[in-house]
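Student: If you want the building blocks of each chain, they are given just below.
Protein chains: 2
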Amino acid sequence: MDAVTRIERSLDAAIALAEGPGSPPRLAAAMRYAVFPRGARIRPRLCLAVAGACGDDRPGLAESAGAAIELLHCASLVHDDLPCFDDAATRRGKPSLHRAFGEPLAVLAGDALIVLAFQIMARAATEAPGRLGPLMLTIGDSVGMPVGIVAGQGWESEPRCDLAEYQRQKTGSLFAAATAAGAAAAGAEPGAWRLLGDRLGEAYQVADDIRDAVSDEAELGKPIGQDAAHHRPSAVLQLGLPGAIARLEGLAADAAAAIPPCPGAEALRAVILLETRRLLPRSLAVQAA
Amino acid sequence: MDAVTRIERSLDAAIALAEGPGSPPRLAAAMRYAVFPRGARIRPRLCLAVAGACGDDRPGLAESAGAAIELLHCASLVHDDLPCFDDAATRRGKPSLHRAFGEPLAVLAGDALIVLAFQIMARAATEAPGRLGPLMLTIGDSVGMPVGIVAGQGWESEPRCDLAEYQRQKTGSLFAAATAAGAAAAGAEPGAWRLLGDRLGEAYQVADDIRDAVSDEAELGKPIGQDAAHHRPSAVLQLGLPGAIARLEGLAADAAAAIPPCPGAEALRAVILLETRRLLPRSLAVQAA
Numbered sequence: 000m001d002a003v004t005r006i007e008r009s010l011d012a013a014i015a016l017a018e019g020p021g022s023p024p025r026l027a028a029a030m031r032y033a034v035f036p037r038g039a040r041i042r043p044r045l046c047l048a049v050a051g052a053c054g055d056d057r058p059g060l061a062e063s064a065g066a067a068i069e070l071l072h073c074a075s076l077v078h079d080d081l082p083c084f085d086d087a088a089t090r091r092g093k094p095s096l097h098r099a100f101g102e103p104l105a106v107l108a109g110d111a112l113i114v115l116a117f118q119i120m121a122r123a124a125t126e127a128p129g130r131l132g133p134l135m136l137t138i139g140d141s142v143g144m145p146v147g148i149v150a151g152q153g154w155e156s157e158p159r160c161d162l163a164e165y166q167r168q169k170t171g172s173l174f175a176a177a178t179a180a181g182a183a184a185a186g187a188e189p190g191a192w193r194l195l196g197d198r199l200g201e202a203y204q205v206a207d208d209i210r211d212a213v214s215d216e217a218e219l220g221k222p223i224g225q226d227a228a229h230h231r232p233s234a235v236l237q238l239g240l241p242g243a244i245a246r247l248e249g250l251a252a253d254a255a256a257a258i259p260p261c262p263g264a265e266a267l268r269a270v271i272l273l274e275t276r277r278l279l280p281r282s283l284a285v286q287a288a
Numbered sequence: 000m001d002a003v004t005r006i007e008r009s010l011d012a013a014i015a016l017a018e019g020p021g022s023p024p025r026l027a028a029a030m031r032y033a034v035f036p037r038g039a040r041i042r043p044r045l046c047l048a049v050a051g052a053c054g055d056d057r058p059g060l061a062e063s064a065g066a067a068i069e070l071l072h073c074a075s076l077v078h079d080d081l082p083c084f085d086d087a088a089t090r091r092g093k094p095s096l097h098r099a100f101g102e103p104l105a106v107l108a109g110d111a112l113i114v115l116a117f118q119i120m121a122r123a124a125t126e127a128p129g130r131l132g133p134l135m136l137t138i139g140d141s142v143g144m145p146v147g148i149v150a151g152q153g154w155e156s157e158p159r160c161d162l163a164e165y166q167r168q169k170t171g172s173l174f175a176a177a178t179a180a181g182a183a184a185a186g187a188e189p190g191a192w193r194l195l196g197d198r199l200g201e202a203y204q205v206a207d208d209i210r211d212a213v214s215d216e217a218e219l220g221k222p223i224g225q226d227a228a229h230h231r232p233s234a235v236l237q238l239g240l241p242g243a244i245a246r247l248e249g250l251a252a253d254a255a256a257a258i259p260p261c262p263g264a265e266a267l268r269a270v271i272l273l274e275t276r277r278l279l280p281r282s283l284a285v286q287a288a
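Residue numbers (numbering that gives the first Met the number 0), protein chains in the order written: chain L, 0 to 288; chain G, 0 to 288.
Since the hints were made in silico from the structure, they are not lab data.
Because the structure is a prediction, the values reported are computed rather than measured.
Every residue gets a Cβ at the ideal spot worked out from N, C-alpha and C, and that includes glycine.
Careful: at least some of the hints might be erroneous.
To spell it out: a stretch of chain G is covered by chain L in this simulated footprint if at least three of its residues, at any positions, have a beta carbon under 8 Å from a beta carbon of chain L; those stretches are [claimed, not checked]:
1) 115 to 126
2) 134 to 144
3) 257 to 270
Turn these sequences into a full structure, and let the hints guide you.
Tutor: Structure, rendered in structure tokens:
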């Protein structure tokens with residue numbers, strides 16, 4: 000089964016659990032709306048790629064770890080879109096969750112998706128109980144305080160913040176979770192795999208800045224030009240477009256070099272380089288080819 | 000060390016983790032504000048009482064389970080108070096979190112408290128890794144979908160709902176988590192302990208309705224008369240005040256009878272009856288004595 004199919008099945012099973020007997024139907028529908036139809040699924044694909052490189056002896060656990068990370072990512076998007084943050088009207092090419100279901104269900108859907116991530120990990124870990132602790136620590140610390148994605152979002156409410164630290168927390172930490180959790184699910188030591196995720200997170204952040212500057216809304220599925228409009232820091236504003244593209248390529252090379260020794264290192268290196276190339280908007284990808 | 004001291008220390012250690020190096024200071028302060036000064040801490044006290052009745056051979060794990068449940072309870076209060084739900088101005092006798100810190104930090108503090116609950120359980124479980132899975136399942140399912148407290152809150156966005164089921168999810172499930180998690184932390188089978196928590200959750204809900212009807216705001220630390228104002232179902236509106244008090248006493252007796260066989264059953268029975276008596280507002284408790 001290919002990685003995308005494994006991820007979609009695992010996410011569908013997770014949402015089916017939330018839709019179980021006794022559940023409030025509109026909240027259940029809001030959760031499904033937040034997770035499907037699929038986005039790029041870049042974090043869970045990364046998680047499965049690393050698990051594969053480490054031998055993937057517990058594929059069900061790796062799938063649940065990847066799905067948990069994607070649920071947490073979706074939860075952060077739903078809450079980031081709320082009126083008190085970005086007040087985004089669209090997401091993934093359709094109305095944002097609070098526009099479609101109202102603000103109360105958007106708050107609750109985010110909360111329920113966060114909890115669901117831990118519910119599915121606890122279920123999957125019955126096949127390898129000793130791996131649950133490292134997996135939960137890796138993923139929990141990458142999402143919560145003091146330096147996970149929620150912390151990163153928290154810096155937007157501070158009078159001053161360090162840009163690199165802000166981006167490392169808000170974006171990088173969930174990429175580091177994806178690589179480290181993939182390793183932990185396969186029984187490898189997760190710590191050695193964080194650097195790869197860190198570099199990919201930085202690359203993703205630069206690519207996001209590039210897409211925000213040069214894509215169109217139809218391709219991106221959400222409004223463009225938000226960085227300039229909200230006076231947010233951006234690699235394109237800072238380095239110019241060619242400089243930002245060069246930075247992205249440098250980070251992709253750093254990422255490929257950061258893969259720890261493992262049975263599938265060579266294949267993983269190829270995946271990493273391909274994935275980072277796919278982050279560019281279509282127009283630039285065609286130019287680059 | 001008495002139970003209250005154990006709980007406060009464990010909660011302080013949890014918040015100190017969130018305040019660690021790299022954390023955004025205002026979000027960290029908002030989390031501390033949500034958790035201290037203490038409320039009744041009824042759920043973690045219940046968790047420790049059950050762990051004690053089951054032998055409490057891993058006191059650190061029981062304390063973390065109790066603290067995790069309290070963090071999740073505090074998170075639910077912060078989100079319930081948001082403008083899109085109750086828009087409460089006060090909580091525990093001080094301004095609600097969103098009034099004190101603004102709405103973005105209230106959303107994020109709730110999210111971060113949810114994640115923190117799982118972060119501290121993962122850390123505590125290193126002393127008994129095999130207990131982490133049952134503990135996470137018990138607590139995760141009691142908070143998330145399909146039938147945890149978030150699901151209960153979700154029923155408020157439905158056109159129709161079953162009152163008993165709504166209350167069981169919104170209030171009862173975290174009491175059932177407290178009793179079942181106390182057992183799981185001490186290595187006992189959690190399932191047998193849910194009925195006790197269910198009954199106590201019902202008792203607490205009835206007591207809450209009584210307090211909302213007859214307390215004053217100074218005693219309660221939050222506005223009173225909210226059930227009537229928001230047309231919410233209430234045992235007092237349904238049964239009258241004497242009927243509601245009789246119902247509370249019946250539920251306390253049912254709870255005491257639901258304690259499974261265990262070394263400390265007798266002592267636990269006494270705690271349960273004392274705690275349910277403490278749920279009544281001072282004026283009624285004096286009358287009853």
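Student: May I ask which of the numbered hints given earlier this structure violates, with the numbers listed in increasing order?
Tutor: The structure conflicts with hint 3 only, although it agrees with all the remaining ones.
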